[in-house]
Amino acid sequence: MPWRKQRMRRAITLLTAGSCTGALLIALAPTASASASASGMQSYVSPGDYVFTVPAGLTSITVSAVGAAGQSTHDGEEGVTAPGGAPGEAQGTFQVTPGKRFYIHVPATSGVAYGTHGTGGGAAYIRTSTSTTFTGNPATDPRIVVAGGGGGAAVQWDFGYGSGGYAGTTGAAGATGYAIEDYLDPGRGASGATQTSGGAGGASCHGQAPGGSGTAGFGGKTGMPGSSFGGGGGGDGWFGGGAGGQADQTMWYFCGAAGGGGGGSNYISSSATNRSSSHISTLGPRVLIKWS
Numbered sequence: 300m301p302w303r304k305q306r307m308r309r310a311i312t313l314l315t316a317g318s319c320t321g322a323l324l325i326a327l328a329p330t331a332s333a334s335a336s337a338s339g340m341q342s343y344v345s346p347g348d349y350v351f352t353v354p355a356g357l358t359s360i361t362v363s364a365v366g367a368a369g370q371s372t373h374d375g376e377e378g379v380t381a382p383g384g385a386p387g388e389a390q391g392t393f394q395v396t397p398g399k400r401f402y403i404h405v406p407a408t409s410g411v412a413y414g415t416h417g418t419g420g421g422a423a424y425i426r427t428s429t430s431t432t433f434t435g436n437p438a439t440d441p442r443i444v445v446a447g448g449g450g451g452a453a454v455q456w457d458f459g460y461g462s463g464g465y466a467g468t469t470g471a472a473g474a475t476g477y478a479i480e481d482y483l484d485p486g487r488g489a490s491g492a493t494q495t496s497g498g499a500g501g502a503s504c505h506g507q508a509p510g511g512s513g514t515a516g517f518g519g520k521t522g523m524p525g526s527s528f529g530g531g532g533g534g535d536g537w538f539g540g541g542a543g544g545q546a547d548q549t550m551w552y553f554c555g556a557a558g559g560g561g562g563g564s565n566y567i568s569s570s571a572t573n574r575s576s577s578h579i580s581t582l583g584p585r586v587l588i589k590w591s
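In my numbering, the protein residues as written are 300 to 591.
Read the hints as simulated data drawn from the structure, not as lab findings. Take the hints with a grain of salt, since some may be wrong.
Ranges between beta-carbon positions, derived for each pair [claimed, not checked]: (1) 430 to 572: 20 to 26 angstroms; (2) 411 to 355: 42 to 48 angstroms; (3) 340 to 437: 24 to 30 angstroms; (4) 398 to 582: 46 to 52 angstroms; (5) 358 to 431: 24 to 30 angstroms; (6) 524 to 347: 30 to 36 angstroms; (7) 341 to 428: 18 to 24 angstroms; (8) 414 to 437: 38 to 44 angstroms; (9) 508 to 356: 41 to 47 angstroms; (10) 524 to 496: 20 to 26 angstroms.
Built from N, CA and C at the ideal position, the CB exists for glycine as well.
Please model the complete structure; the sequences and the hints are all you need to start from.
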């Protein structure tokens, strides 16, 4: 029966062809690690909180962050502008595993305050968990890269201003408020933050309460919020800078201007390689993640 043999040959031929096609499809299926092995970058420049998940195939990432400048202040009556402190910039390279999540925070830009003291700049950072409990202790703090914020400025019409300190590995102190006469008692500039403590608040005119001191993660606050007599706020950071000393609202003619806020401190985990820390005035707040 020749026709039966012919049908069997056709069936075997179709089955063989189908099996080869299946094997070919499996061989051509792309792997996740193949596309992730190319160099790339993820940038975060808008204010907010984000999650970065390490793609398959990556074993290291380089994180760079820039904080926010301290808020400048402007007095329209005298045409005086007091500058806020420059933000910090920090970078490090980390060994990672695919699927690991990192949590990113980008602060808002500070802008300019009109007729009142400036606030401290926010810090940009990346952390390894959702926790926002900042301790300033590398063993318990979830942040692995922090770029501090600059200190806020202070301005008081006839008496000039106190500029904010820049952020860095150690934040710079804010400037003491300007005094046009030697007998005046201006608000003192606040101390910048270090790797182990927040900056102390600046002394205020005539023994008033000093500016607030910085803490782990956050800058100190002025004792006179929303007032032109208040000192500049401290910049946020690994530790925050102190707030500038305030002027005296009731005895202003015996004081000078209020003091500027201290800069926050940068931080890079000791587990990182290619570590660098500085301050910069040409970039806005951001976090960049690069790989190759």
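Hints versus structure:
1. 430 to 572: 20 to 26 angstroms: holds (25 angstroms)
2. 411 to 355: 42 to 48 angstroms: Holds: the Cβ-Cβ distance is about 45 angstroms, inside 42 to 48 angstroms.
3. 340 to 437: 24 to 30 angstroms: holds (27 angstroms)
4. 398 to 582: 46 to 52 angstroms: violated (31 angstroms)
5. 358 to 431: 24 to 30 angstroms: holds (28 angstroms)
6. 524 to 347: 30 to 36 angstroms: This hint is violated: roughly 25 angstroms between Cβ atoms.
7. 341 to 428: 18 to 24 angstroms: This hint holds: roughly 19 angstroms between Cβ atoms.
8. 414 to 437: 38 to 44 angstroms: holds (41 angstroms)
9. 508 to 356: 41 to 47 angstroms: The hinted range 41 to 47 angstroms is violated for residue 508 and residue 356, with Cβ atoms some 56 angstroms apart.
10. 524 to 496: 20 to 26 angstroms: Cβ of residue 524 to Cβ of residue 496: about 24 angstroms, so the range 20 to 26 angstroms holds.
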